[in-house]
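Chains as they are written, first to last, in numbering that gives the first Met the number 0: chain A, 0 to 160; chain B, 0 to 418; chain C, 0 to 173.
Hints in this document: simulated from the structure, not taken from any laboratory.
Each residue gets a CB set at the ideal place from its N, CA and C atoms; glycine is no exception.
Please note that the accuracy of each hint is not assured.
What the hints assert, rightly or not - Footprint (simulated), chain C over chain B, 3 or more residues, beta carbon under 8 Å:
| # | region |
| --- | --- |
| 1 | 71-79 |
| 2 | 153-159 |
As the list claims (entries may be wrong) - Calculated cross-link-like contacts (lysine-lysine; reagent style DSS-like; alpha-carbon spacing at most 25 Å):
| # | chain 1 | residue 1 | chain 2 | residue 2 |
| --- | --- | --- | --- | --- |
| 3 | A | K144 | B | K368 |
| 4 | C | K85 | A | K159 |
| 5 | B | K369 | A | K87 |
| 6 | B | K111 | A | K87 |
| 7 | C | K148 | A | K160 |
| 8 | B | K369 | B | K316 |
| 9 | B | K368 | A | K87 |
| 10 | A | K160 | C | K81 |
| 11 | B | K163 | B | K207 |
| 12 | B | K163 | B | K199 |
| 13 | B | K54 | C | K85 |
| 14 | C | K85 | A | K160 |
| 15 | B | K111 | A | K81 |
| 16 | A | K33 | A | K87 |
| 17 | B | K369 | A | K144 |
| 18 | A | K159 | C | K81 |
| 19 | C | K81 | B | K54 |
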Amino acid sequence: MDNQTVLQQLQSRFGDAILSSTDYRDELTVVVSKERIVEICSFLKTDPALSYDLLADLCGIDMFTPTNRFGVVYNLLSLQNKHRLRLKTFTDEENPRISTVTGVWGAANCHERETYDMFGIVFEGHPDLRRMYMPDEFEYFPLRKDFPLMGIPGSLPLPKK
Amino acid sequence: METKFEDVSRRSKILQALEDQDTSVQFEDPLESEMILNMGPQHPATHGVLRLLVKLDGETVISCLPELGYLHRGYEKLAENSSYHEFIPHTDRLDYISPLSNNTAYVLAVEKLLGIEAPLRSQYIRTIISELARISSHLLFLGSLAMDVGALTVWMYSFREREKLYDIFENLTGARFTTSYARIGGVAQDLTPEVAAMMKTFLAEFPKNLNDCEKLLNRNRIFIDRCDGVGVISREQAIDLGVTGPTLRASGVNHDLRRATPYLMYDRFDFEVPVHEGGDSLARYYQRMAEMKESAKIVMQALDAIPTGEVHAFKPKKVLPRKHQVYTRMEELIHDFMLINFGIDPPDGEIYFAIEAPKGELGFYIVSKKGEGHPWRFKIRSPSMVNIHALPTMLKGAMISDLVAIIGSLDPVMGEADK
Amino acid sequence: MGLEKAMGDSFVTTKLGEAINWCRKNSLYPMPMGISCCAIEMMAAAGPRFDIARFGSEVMRFSPRQCDVMIVAGTTTFKMSKVVRKIYDQMPDPKWVIAMGACTSSGGMYRTYSVVQGIDLFLPVDVYVAGCPPRPDNLLNGLMLLQKKVQRGESRGNAPVYVGDFNPIPRQAV
Numbered sequence: 000m001d002n003q004t005v006l007q008q009l010q011s012r013f014g015d016a017i018l019s020s021t022d023y024r025d026e027l028t029v030v031v032s033k034e035r036i037v038e039i040c041s042f043l044k045t046d047p048a049l050s051y052d053l054l055a056d057l058c059g060i061d062m063f064t065p066t067n068r069f070g071v072v073y074n075l076l077s078l079q080n081k082h083r084l085r086l087k088t089f090t091d092e093e094n095p096r097i098s099t100v101t102g103v104w105g106a107a108n109c110h111e112r113e114t115y116d117m118f119g120i121v122f123e124g125h126p127d128l129r130r131m132y133m134p135d136e137f138e139y140f141p142l143r144k145d146f147p148l149m150g151i152p153g154s155l156p157l158p159k160k
Numbered sequence: 000m001e002t003k004f005e006d007v008s009r010r011s012k013i014l015q016a017l018e019d020q021d022t023s024v025q026f027e028d029p030l031e032s033e034m035i036l037n038m039g040p041q042h043p044a045t046h047g048v049l050r051l052l053v054k055l056d057g058e059t060v061i062s063c064l065p066e067l068g069y070l071h072r073g074y075e076k077l078a079e080n081s082s083y084h085e086f087i088p089h090t091d092r093l094d095y096i097s098p099l100s101n102n103t104a105y106v107l108a109v110e111k112l113l114g115i116e117a118p119l120r121s122q123y124i125r126t127i128i129s130e131l132a133r134i135s136s137h138l139l140f141l142g143s144l145a146m147d148v149g150a151l152t153v154w155m156y157s158f159r160e161r162e163k164l165y166d167i168f169e170n171l172t173g174a175r176f177t178t179s180y181a182r183i184g185g186v187a188q189d190l191t192p193e194v195a196a197m198m199k200t201f202l203a204e205f206p207k208n209l210n211d212c213e214k215l216l217n218r219n220r221i222f223i224d225r226c227d228g229v230g231v232i233s234r235e236q237a238i239d240l241g242v243t244g245p246t247l248r249a250s251g252v253n254h255d256l257r258r259a260t261p262y263l264m265y266d267r268f269d270f271e272v273p274v275h276e277g278g279d280s281l282a283r284y285y286q287r288m289a290e291m292k293e294s295a296k297i298v299m300q301a302l303d304a305i306p307t308g309e310v311h312a313f314k315p316k317k318v319l320p321r322k323h324q325v326y327t328r329m330e331e332l333i334h335d336f337m338l339i340n341f342g343i344d345p346p347d348g349e350i351y352f353a354i355e356a357p358k359g360e361l362g363f364y365i366v367s368k369k370g371e372g373h374p375w376r377f378k379i380r381s382p383s384m385v386n387i388h389a390l391p392t393m394l395k396g397a398m399i400s401d402l403v404a405i406i407g408s409l410d411p412v413m414g415e416a417d418k
Numbered sequence: 000m001g002l003e004k005a006m007g008d009s010f011v012t013t014k015l016g017e018a019i020n021w022c023r024k025n026s027l028y029p030m031p032m033g034i035s036c037c038a039i040e041m042m043a044a045a046g047p048r049f050d051i052a053r054f055g056s057e058v059m060r061f062s063p064r065q066c067d068v069m070i071v072a073g074t075t076t077f078k079m080s081k082v083v084r085k086i087y088d089q090m091p092d093p094k095w096v097i098a099m100g101a102c103t104s105s106g107g108m109y110r111t112y113s114v115v116q117g118i119d120l121f122l123p124v125d126v127y128v129a130g131c132p133p134r135p136d137n138l139l140n141g142l143m144l145l146q147k148k149v150q151r152g153e154s155r156g157n158a159p160v161y162v163g164d165f166n167p168i169p170r171q172a173v
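Using the sequences and the hints, build the whole thing.
What follows is the structure in structure tokens.
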């Protein structure tokens, strides 16, 4: 099972949903369109030859470009073939929404909550979308590039001395 | 025999006594109701600042909700603002029970991004310290699980062993605990024969000391009753929830990153990957005890087979030069200045690199942009965060007193889970 | 005192307040607010090699109502600060606070949006122990400094009330 075989299978089945792909340091990254992400993920998990059954990581990324600002990156691992794959989808800045993949992998639950907390990307269909690390009343999204490292003074409460 | 009238008035008195301004629980019949218990961030047995909201029916747990974030220090944003070299001390504080393992993982990820390789001797040294860090982490697991369940002596024994390991680390790296030992392109200092002798002495006494702890626990009626059949997670549930590490292997899945995608020198050594069936707390305990013995075997083989040579790669524009050269030669001075002030200049690209940390799969996803000395995006895939979110599955149907044994057998570290 | 010279070693004369402070300093029960990495060094200080029990801190009581000194060990975030303050308020007088490590003294190596830059922004601190993490012997040194402070009867929190003191108004120490 190598990168070329996986890419060919994906392209033959999904055609134009596969936007681009790169192979850097022996790792395959495939950029897909966000409308068919759940379909692609279920295919990758249930297909007996590919069988990417462990979702190692799901994170967000802020490209800080005028269009397609936010991306979601899925790092997959296949236990039977011992092969890793990376999927990326992009969404806009005004209304960042992507369908959830908690139906495919249960591990996506906590990762998507963390991505929502840090970037503000809303996952449609998520059973329990709320903040994970910051307090619930926090109004900003820390990992966006326009949020300063030191934070915004007054955004988090401190008890009185 | 009570009449209906007396029954009703007794019940209304209980209702009045239980309801006051501080409770916000609504119920019709106070003796048959569910309760939400807050096992707060400050608790003797939660292994750090983990908050668990547990819904109870009497003493049985119906569901639970873990709440993280009490130790969120903003690592990922910090990494976007510091250079690759500056971030090495921060990786110590991730899984703060085995800091040498995290250093190695980070440095390997950056080396993969840059496409450089450290010399052979430093790879052997990194293997040795990763395995010693695994032993140290599992010893703390042993002490904490035993202490939570009630056996305090084992905690004292395991801390005595950990102090010996701290002596070795201090002699090798300069610090007991937060070592920052690995460097991009090698390790910081060489392994002296004195340290190698200390390691051999430790390993010679280690099986006997571990046996002392096992004698106290393995056939102990109380320990077995508290841990057997408690906190079961099946094979399919574990893979679906993304659980990795000893917890996954104790549920019957033979998956170890040291064998699946070998890194460092693991493909040259002869060791077994133990796998246990059952998926309960007792299986996780046996799993980690077996892993400690395998780690000791790996360290013995590595110490015998270690080659001589350099511990620093020679890649002037990417690897920090040695200090004595910086003080005496011109090019090394310039390279040192550029690397410290402006950072390494990596190519455009992204990688994901994971190792088998003592708690599970510790992965780093780094996106770099050409011309910038710090990463564009740095994601830490922490095993403890994913393992903690497997708690609701494990806790279904357990009792309150089992909560402590289950969390202890899962061995989460909040520094890593909260990043 | 003249009486001791006359009568020998069989008794000692002192002020009641000093005797009580001597008892207090030799039995400081710590409340371990172990949050992150410094907690491991605090546990090592309670371990067999650097024994904290020989200084009188026999047990680490986890209930705040039974403790004298709170050792805050680990990075305090804004979310956790409310919890730490709540537990500090539950401790009975007299109480002291040891800020262990760089993160509690001044935010440490984390100058980020979610870390409180020093717990003295919301807690009165008596002793600062430096280090990242401080060695267990360093923590014991801090405990010994605190013992000297207890002997003098000072506290950054509410000042201890002496037995026999008929003006029990909380007063700020010098």
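Violations among the numbered hints, reported as their numbers in ascending order: Hint check: nothing fails, all pass.
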